[in-house]
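Enquirer: As you go down the protein sequences, you meet chains B and A in turn. Numbering-wise (my numbering), the first sequence opens with residue 1 and increments by one. Numbering-wise (my numbering), the second sequence opens with residue 1 and increments by one.
In case anyone wonders, no lab produced these hints; they're calculated from the structure. A hint or two may mislead.
Chain copies aren't distinguished; within one or between two, either way the pair holds.
[Unchecked claim] Straight line, CA to CA, 20 Å or less: simulated SDA-like cross-link-like pairs of lysine to any residue: (1) K336 to A318; (2) K348 to T311; (3) K113 to H94; (4) K457 to Q365; (5) K54 to G332; (6) K259 to D339.
What you are looking at is a predicted structure, and each value in this text was computed from that prediction instead of being measured.
There are 2 protein chains.
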Amino acid sequence: MGKNLTSRTEDYSKWYNELVVKADLAENSGVRGCMVIKPYGFAIWEKMQAALDKMFKETGHQNAYFPLFIPKSYLSKEASHVEGFAKECAVVTHYRLKNAEDGSGIVVDDEAKLEEELIVRPTSETIIWDTYRRWIQSYRDLPLLLNQWANVVRWEMRTRLFLRTAEFLWQEGHTAHATKEEAMEEAEMIMHLYAEFAENHMALPVIKGTKTESERFAGAEETFCIEALMQDGKALQAGTSHFLGQNFAKAFDVKFANKEGKQDYVWATSWGVSTRLMGALIMTHSDDNGLVLPPKLAPIQVVIVPIYKGTEQLDAIAEKIDSLVKALREKGITVKFDDRDTHKPGFKFNEYELKGVPIRLAVGQRDLENGTYELARRDTLEKQSVPAENVVTTIISLLEEIQANIYNKALQHREASTQSVDTYDEFKKMIDSKGGFIAAHWDGTAETEEKIQQETKATIRCIPINVEPEAGKCMVTGKPSPYRVLFAKAY
Amino acid sequence: MGKNLTSRTEDYSKWYNELVVKADLAENSGVRGCMVIKPYGFAIWEKMQAALDKMFKETGHQNAYFPLFIPKSYLSKEASHVEGFAKECAVVTHYRLKNAEDGSGIVVDDEAKLEEELIVRPTSETIIWDTYRRWIQSYRDLPLLLNQWANVVRWEMRTRLFLRTAEFLWQEGHTAHATKEEAMEEAEMIMHLYAEFAENHMALPVIKGTKTESERFAGAEETFCIEALMQDGKALQAGTSHFLGQNFAKAFDVKFANKEGKQDYVWATSWGVSTRLMGALIMTHSDDNGLVLPPKLAPIQVVIVPIYKGTEQLDAIAEKIDSLVKALREKGITVKFDDRDTHKPGFKFNEYELKGVPIRLAVGQRDLENGTYELARRDTLEKQSVPAENVVTTIISLLEEIQANIYNKALQHREASTQSVDTYDEFKKMIDSKGGFIAAHWDGTAETEEKIQQETKATIRCIPINVEPEAGKCMVTGKPSPYRVLFAKAY
Chain B
1 MGKNLTSRTE DYSKWYNELV VKADLAENSG VRGCMVIKPY GFAIWEKMQA ALDKMFKETG
61 HQNAYFPLFI PKSYLSKEAS HVEGFAKECA VVTHYRLKNA EDGSGIVVDD EAKLEEELIV
121 RPTSETIIWD TYRRWIQSYR DLPLLLNQWA NVVRWEMRTR LFLRTAEFLW QEGHTAHATK
181 EEAMEEAEMI MHLYAEFAEN HMALPVIKGT KTESERFAGA EETFCIEALM QDGKALQAGT
241 SHFLGQNFAK AFDVKFANKE GKQDYVWATS WGVSTRLMGA LIMTHSDDNG LVLPPKLAPI
301 QVVIVPIYKG TEQLDAIAEK IDSLVKALRE KGITVKFDDR DTHKPGFKFN EYELKGVPIR
361 LAVGQRDLEN GTYELARRDT LEKQSVPAEN VVTTIISLLE EIQANIYNKA LQHREASTQS
421 VDTYDEFKKM IDSKGGFIAA HWDGTAETEE KIQQETKATI RCIPINVEPE AGKCMVTGKP
481 SPYRVLFAKA Y
Chain A
1 MGKNLTSRTE DYSKWYNELV VKADLAENSG VRGCMVIKPY GFAIWEKMQA ALDKMFKETG
61 HQNAYFPLFI PKSYLSKEAS HVEGFAKECA VVTHYRLKNA EDGSGIVVDD EAKLEEELIV
121 RPTSETIIWD TYRRWIQSYR DLPLLLNQWA NVVRWEMRTR LFLRTAEFLW QEGHTAHATK
181 EEAMEEAEMI MHLYAEFAEN HMALPVIKGT KTESERFAGA EETFCIEALM QDGKALQAGT
241 SHFLGQNFAK AFDVKFANKE GKQDYVWATS WGVSTRLMGA LIMTHSDDNG LVLPPKLAPI
301 QVVIVPIYKG TEQLDAIAEK IDSLVKALRE KGITVKFDDR DTHKPGFKFN EYELKGVPIR
361 LAVGQRDLEN GTYELARRDT LEKQSVPAEN VVTTIISLLE EIQANIYNKA LQHREASTQS
421 VDTYDEFKKM IDSKGGFIAA HWDGTAETEE KIQQETKATI RCIPINVEPE AGKCMVTGKP
481 SPYRVLFAKA Y
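Throw the hints in and build the complete structure from the sequences for me.
Expert: Here is the structure:
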């Protein structure tokens, strides 16, 4: 299997597109902007789902399922939400097809026109808050901590596999609370949960922060986010958690009786991560040889490739491998013994490198005689010969080491790519050359933010939650600024 | 919590509708025909999913994800498929909304009309086989054993929660094979897998069989099914597995080179079960007091209700319960200690009966003194006093006993409701009175089948796989018949 992968320095964007397809993660479908997630890619997403789902449940959330369709009128009920979402979306107008009278095929039946159009959900706040009105009467019904795993559709004009597709998979949490403080705590807690997931499972270092008003979710009063930096110096928003105030409760008339019997509107949050995380995962760790996966999310953690001539040698290897496979599985390690006789070892080595399998063991006649395995780690491509009696413990510690190593490598890259600048000239140069995160002073106005975006394509990724107070002057207008905010070009 | 549940004898259909809502399983949404699956209902579905997903993976299947939308032209490619599915479905015709010029709200933007309409998938054979054409070139690429968990939409005119909804959740397996025999084996294997799941996890006895030609899936050459019988004597199709021949391969031009290098069309299967299984589960076991759940699928297997006056008594109970909860959780048992002070024990007893929690423990001051628990099982409503030292082992064996007991009860009901009849008059009387499965002779023609359906509303549920040869005469036409087939009215 020749990889023929464009190198990152040659064309980062092309490298990404090729890698997603060649590593069998996803591909474009016959439907504009909609992707097919292939089994290998989906297996990674399932591991992400499992880890996140566990974390949601451990923090008291339950899963539920709400309709795919949203009546058009629901979208209009929250004023800023409609501005953000009632634009590019898939609209269902009819509910029947029929055979064309001229025999040319099937056509939409004009008589089956919906009285009110249905929108394929771009996000579910409206349909969920319409439901919450029926579920919430009293403080005893609160908090309501729900999540759903679902597909959503946003009719993007320019799409890229995982990063921006018309249909994508995500989870969306929607919680309801009796007090503002509790809702705000929930939104913040989820930001920390997302960061923990990104760092511990994806080996993805992230910066936690809040969005500026112009970058907030449509309908939110505060948006918390985690922001990551890709190898090409562009940022990627990896997850958002919104404090929605009482906006949706007011729009959908969701009131509750508090302990004193007084009626009040319910406080809300919503939060989500999507298959976009797959894009972040791929772009953060992978190299010119293919995918590099964190062991915690790798569908195959260890692959064993036999090197043999004839079935006799293969049988001898297979017999030896059998107990090793069992021993590794007992330790909860996912292992694949690739004994296909249709492909040569070199082909298999290439394939598993491309697919980012963290550890590869090769075993041939000489290894059998010496009682060793040849072990190769995907992150550094280093090889070592390991005595059979140590191989299980070596693998266990190496999987942990790889997980930590790729995190540290990504962290170092981010730190090396984060600069403070004080003048707009410097800023523009930096953005045009190496990119990265740029900490700069800003006057706090939407106009200045927009001017910077127009002129440089950089946006304010976030105001980091641990930002240090530092009186300064906006690099554009010279007006006073209390701290630096983080700019970058972003995916 | 007063249950106020209509009894089954009074109105079985009303009993079902009320139970689904009152037990917090699901409810109708603001979108016609689309349901909201509530957290308690979804938790049951998640358990079904987990068990099935494990079984699919153990039999070599992998998950993937294909687009929600299907271009209209795809549906037309397989002649009988289009007849079956290109009818009542949600049609996306536009991809943008805009503000109305008269300020009256948002309207569909006529300029954003799709060149080709997109259908929200009613099932995914067409989009998947369009993809398989790119994935399959050689026998080395086969078999391809994929499954997806997804939402699908069929624009049903009359809907009922779980049983028939416009949108529902399901899994759909789509496999590709090099030979007819292998595809047929796969389709049959899945029927057995579904039956095993239904019987072992849902405690739902099923009859395995094949469908007659008129009842087959649109595009299938053979449809295997599992059929269950509800308490009201109506049958419910609980899962189907289709041998699709080369129909979709031909429609989408999916060929492969076999070992001899010769090109041939690929053989296919597809199979699915849906949230309809929730309806089957509810209707099979539940009674006039509410839901009865098999322990293997119950979100809460054991609930503990304290009976106390004042916080001092509650604290004493809570202290004692703490170690019991831990001991049960260590055994993998899901347990809830309901110490809410907002509701009385009687209310809680009613609530957990309604929600079908298999075992309820009550513990009060006297139990503390005597070292006992009051244990109630949901299936028989029997109570017993259990010494504290035996309670964990009693619970473990009782959970198994309940699982077996409700299966046996359902099996006995089915056996008592299965009759052989020889004349059409007898048949009509039986269908109109007690219903149930009726084994009768049929001449094998679609006309007779349709006549029976027109006149009695009964359909042929299946030709059981273990049907015994028995020469007879069709009860309607008197023509020869080689064996009895199974009729019933069905959901």
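Enquirer: Take the hints in turn and mark each one as holding or not.
Expert: Tested hints:
1. K336 to A318: For K336 and A318, the Cα distance is within 20 Å only inside one copy (12 Å; across copies 48 Å).
2. K348 to T311: Within one copy only: 18 Å inside, 66 Å across.
3. K113 to H94: both (4 Å within a copy, 13 Å between copies)
4. K457 to Q365: neither (58 Å within a copy, 70 Å between copies)
5. K54 to G332: Both: 17 Å inside a copy, 16 Å across copies.
6. K259 to D339: Result: close only across copies, 19 Å inter versus 67 Å intra.
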